[in-house]
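**Q** Protein chains in written order, with the numbering used here: chain A, 11 to 221; chain B, 11 to 221; chain C, 103 to 439; chain D, 103 to 439.
Please keep in mind that the hints were generated in silico from the structure rather than gathered at the bench.
Being a predicted model, the structure only gives us computed values, none of them experimental.
Listing some non-contacts, in silico: residues in chain C with all C-beta distances to chain D over 12 Å: (1) Gly133; (2) Pro143; (3) Phe344; (4) Glu345.
Okay, derived cross-link-like pairs now, DSSO-like style, lysine-lysine, Cα gap no bigger than 27 Å in a straight line: (5) D:Lys338 - D:Lys391; (6) C:Lys418 - C:Lys389; (7) D:Lys391 - C:Lys131; (8) A:Lys196 - C:Lys338; (9) B:Lys106 - B:Lys65; (10) C:Lys131 - D:Lys389; (11) C:Lys302 - A:Lys181; (12) B:Lys79 - B:Lys106; (13) C:Lys130 - D:Lys438; (14) C:Lys438 - D:Lys131; (15) D:Lys338 - C:Lys112; (16) D:Lys302 - C:Lys104; (17) D:Lys131 - C:Lys385; (18) D:Lys302 - D:Lys112; (19) D:Lys112 - B:Lys65; (20) D:Lys418 - D:Lys245.
Don't be surprised by glycine CBs; every beta carbon is placed ideally from N, CA and C.
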Amino acid sequence: MGKESLDAKEAVEMMKHVASVIIESEPILTDADRNLGDGDHGLGMERGMNAVINKLAESEAHEVSDVFKMTGMAMMSSMGGASGALFGTLFRNGGKALEGEEKFDSKGLHSFLESANDGVKSRGGAVPGDKTMIDALEPASIRAGEVSELPLCESIKIVALSANEGKNNSKEMVATMGRAKTLGEKSVGHPDAGACSVAIIIQAMSDFINT
Amino acid sequence: MGKESLDAKEAVEMMKHVASVIIESEPILTDADRNLGDGDHGLGMERGMNAVINKLAESEAHEVSDVFKMTGMAMMSSMGGASGALFGTLFRNGGKALEGEEKFDSKGLHSFLESANDGVKSRGGAVPGDKTMIDALEPASIRAGEVSELPLCESIKIVALSANEGKNNSKEMVATMGRAKTLGEKSVGHPDAGACSVAIIIQAMSDFINT
Amino acid sequence: MKKLINDPLKVADELLDGLVEAYDGDCKKVGVRSIVKTEIPSNKVSLLIGGGAGHEPIYHGLVGTNLADGAACGDIFAAPPPDIVLEATEAVNTGNGVLYLYGNYAGDVMNFDIGAELSSDDGIDVKTVLITDDVCSAPHESKDNRRGIAGLVIIVKIAGAASQTADNLEELERIAKMAVLHTRSVGVSMSPGSIPATGKPTFDIDEELIGLGMGIHGEPGVSEIPMTTADDLTPKMLDLIFEDFENDSDIECLSEGDEILLLVNSLGATTMMECLICLRRAKMYLKDKGVVVYDTIVGPFVTCQEMSGISFSITKLNDELKQYWDLPCESVCYTKL
Amino acid sequence: MKKLINDPLKVADELLDGLVEAYDGDCKKVGVRSIVKTEIPSNKVSLLIGGGAGHEPIYHGLVGTNLADGAACGDIFAAPPPDIVLEATEAVNTGNGVLYLYGNYAGDVMNFDIGAELSSDDGIDVKTVLITDDVCSAPHESKDNRRGIAGLVIIVKIAGAASQTADNLEELERIAKMAVLHTRSVGVSMSPGSIPATGKPTFDIDEELIGLGMGIHGEPGVSEIPMTTADDLTPKMLDLIFEDFENDSDIECLSEGDEILLLVNSLGATTMMECLICLRRAKMYLKDKGVVVYDTIVGPFVTCQEMSGISFSITKLNDELKQYWDLPCESVCYTKL
Ligand SMILES: Nc1ncnc2c1ncn2[C@@H]1O[C@H](COP(=O)(O)OP(=O)(O)O)[C@@H](O)[C@H]1O
Ligand SMILES: Nc1ncnc2c1ncn2[C@@H]1O[C@H](COP(=O)(O)OP(=O)(O)O)[C@@H](O)[C@H]1O
Ligand SMILES: [Mg+2]
Ligand SMILES: [Mg+2]
Ligand SMILES: [Mg+2]
Ligand SMILES: [Mg+2]
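Just chain A, with the same shape it has in the complex:
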């Protein structure tokens, strides 16, 4: 049965599930970055998610915000690269927006994504259409605002679809940021690697919440 909200312990389980899905998806992410970047995104995300699993096993999270902040810290410290800073920022900023909250629910999902999106935008300077992870994150964040009255197990499904759609839309974009920018028109036709990661993460959250 789908959940309407998660407490800190459940959020930990969710993030462990997310981590394992990303680790499994390494080859997909590697290929995505090979097409447009330097081919290391999958390994970086795998490294980050292994660190997340260790971190969540070692230290106890008292609040849901801690779970996401710890996730962000673990990714930022272990990954390096553009995505280490950006996914670290995503989870740290997202987590900060939940400080004081006991549960992670649909409203929390919206605050999380909005703050995560702002953080990534100000850290990386990208805007929607630049063919980055923002192109999955921003539509997800907006959609989360629109569906925040639904129970979490429903809203997260819809938000995951948006992220995935955003990732698919990134295929048609011309890269202007990161390593892919010099590809110009040649970058069209492939989805952005970071956007793939965002879509997979939110889908994995949704799958966890709905089982």
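Based on the hints, put chains B, C and D with the ligands in the right spot on chain A.
**A** The following block gives chains B, C and D with the ligands in isolation, referenced to the frame of chain A:
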């Protein structure tokens, strides 16, 4: 019709023919040296024979001995490597043995090969059975002594067969000299590259003399 | 691809250990993945470099005598995380400020910036100069967006020398910026490197093509051109550098009598033989232009695993840069008497 | 194999021209294919090295300050012809004699010997020391038959330093022989290089095998072993060097407290990353043995086109060798502060 002897001018033509045959044989010689050495024997011989062609075109040979000495000098100066020194020595020493002779005949062939063989042996220190060019050169030299009463066009055919047989016998030998020596038993089964060159050279001489 | 490694996921850590060993005590490992000189004079403005691993002997190999004081090292092709930047900053800091000098890649900029924020929380004065020598990675109007490639060897050498005598952080920053402004590079690649952990090539390229202007991870350049000879390619590449000096109003163009440094870099698989053959043609080109080569540097300094390719870097010298260039230096990557 | 060359038959000549250019006036080309220092002190015993091309940056890249005075250069993998040896000998000779120092290969020995005969016809005093550091190429009882491999970098460095102060040719010969006796190497290869003119690989090897003890042209070694990790292979290779010192009664074995030089050489395609990872393991091994590494040298010095592989060289130091090692030197191949 086969010739009974060559004058200096004919000897020049013969060496040009030998040179062109060796140049054509570059791939065979390269492969032979790849099996047992560093794979550059064909190129070295090609370089040497191109230098021979140039040298013989530039300078005039008054005696048959000059033709062979010039051949040796050109090879020694242009090739480098083991075979530059050795084939240079072969032709220089062989040529020295003909000093004062007006014609190159069956007796001359014997003197040439005997002196060439001595020179190569003392320069390189190899003895028959070491799987080197000596294993083609020495039997040819001995056979030339045995058939020195025949007309050149006949003796050279027989001598060429000996050189070829010597080259074939080198297949079964274990290398103890040059780059191939560390191969030990593994060198068995392939003919020596330098022996291939010797056999091709004498066969080309025979073909020229017999047309 | 047979590689002499152990666990493919640990190559960055193990190569750093090896690098520290190569210094025979002149450098030490600090924290998770930084390398720092054993002795840093207490009155010195510090120079910190860094970047992803896999490009050996840079970046971390440029720590040394009259070179960088330390390097923050990332994993293969990945910028170092902020924690590592912080630990390296703390280790090189003498209280006189730290200049960050590294290649302009999004990942490096973000991570070093966060590292700088953390460092200034600790009261350490940090300034940043980005290396942007790759003329093919952005037009001259937006040259601050360019990538850093092999020219970094010259730039770090000059900044390292300047850091020995700079009175303050601003002075070192000024000289590092001058070295960047005066240094331009153009690279090509013929075949990709691979990532040790996946064994996958970082890009694909046709057997008959050369990537003109490609970056040191195989980032696309200006165009793909048919494979050609050293003598045909070299002037094409140098033309791009000369044109760039010409078009950029921030610096005078390269003209007769100018003194330059010339660096020919191999990306790894390209042999020293090929570098020397290209160098031969480059010197003809430069003689034609009347430009005087003050010093020539040639070798595999900035590599990308078994990637093949070559780059030319030219630094237009002035008296100040020349004086810093002249100082001897020693490191695993580059040593000069 | 995309190579940045011009006429494949002219690579040896063109790379030499490039090498001369890399010296920016410190060296010049002499005759057909020799490179010689521009200034050689008139009272000096001269040091001449040489060998085939295709192994850049050696041999000709070891001409330089406190290194060799000149080099006689052959074509790809071919010893220089006697005429070239002669022209180089004449160019370096100051009247105080010339030491020939080169790798022990049949072709080199014959051509240098003829060159020496021609030189002594010209009244030049010549002595020869052969470099024979490759322990896998012959048993220690016949160590004079061994090949010269990467240890030559150390040996030439020491002889170059000694040639600055040697009173006569015999003295330089003595020190060069001492450097050879004290230096031992073991190499491996995983994949072949190719000859530029034919594009053909110089040997074949299974995808799963390593050639243990292979020479720098791919000459067979002691055995083919399964491909393995850096940490497994490194001790196996070092064992062979230690055993050789132990078995050879002409030199004391390597024991606790001994000071050594350690050279890790890449044959070309093996990355600096791999060299550093192997170096890391080598240092562990040496620490275990209690042997003290006085100086570590790592990089692609003795290569064979795109051949992959690595070698370790160890020089057992004594006071005399150490003093010569300490002298700074500069060249395209190796520079030390
Ligand atoms: N400035 C930026 N803003 C937002 N996202 C970015 C930016 N630069 C890169 N990215 C994201 O990072 C991803 C690449 O991550 P990764 O491969 O791990 O880093 P790197 O480029 O350092 O190799 C891209 O696919 C893109 O989504
Ligand atoms: N010491 C020697 N005596 C006689 N012949 C030799 C000797 N060393 C090598 N050779 C001959 O030289 C040939 C190799 O020549 P080449 O490949 O040109 O020289 P390198 O070994 O310098 O590459 C061998 O096949 C062998 O016939
Ligand atoms: Mg990437
Ligand atoms: Mg050969
Ligand atoms: Mg990366
Ligand atoms: Mg050879």
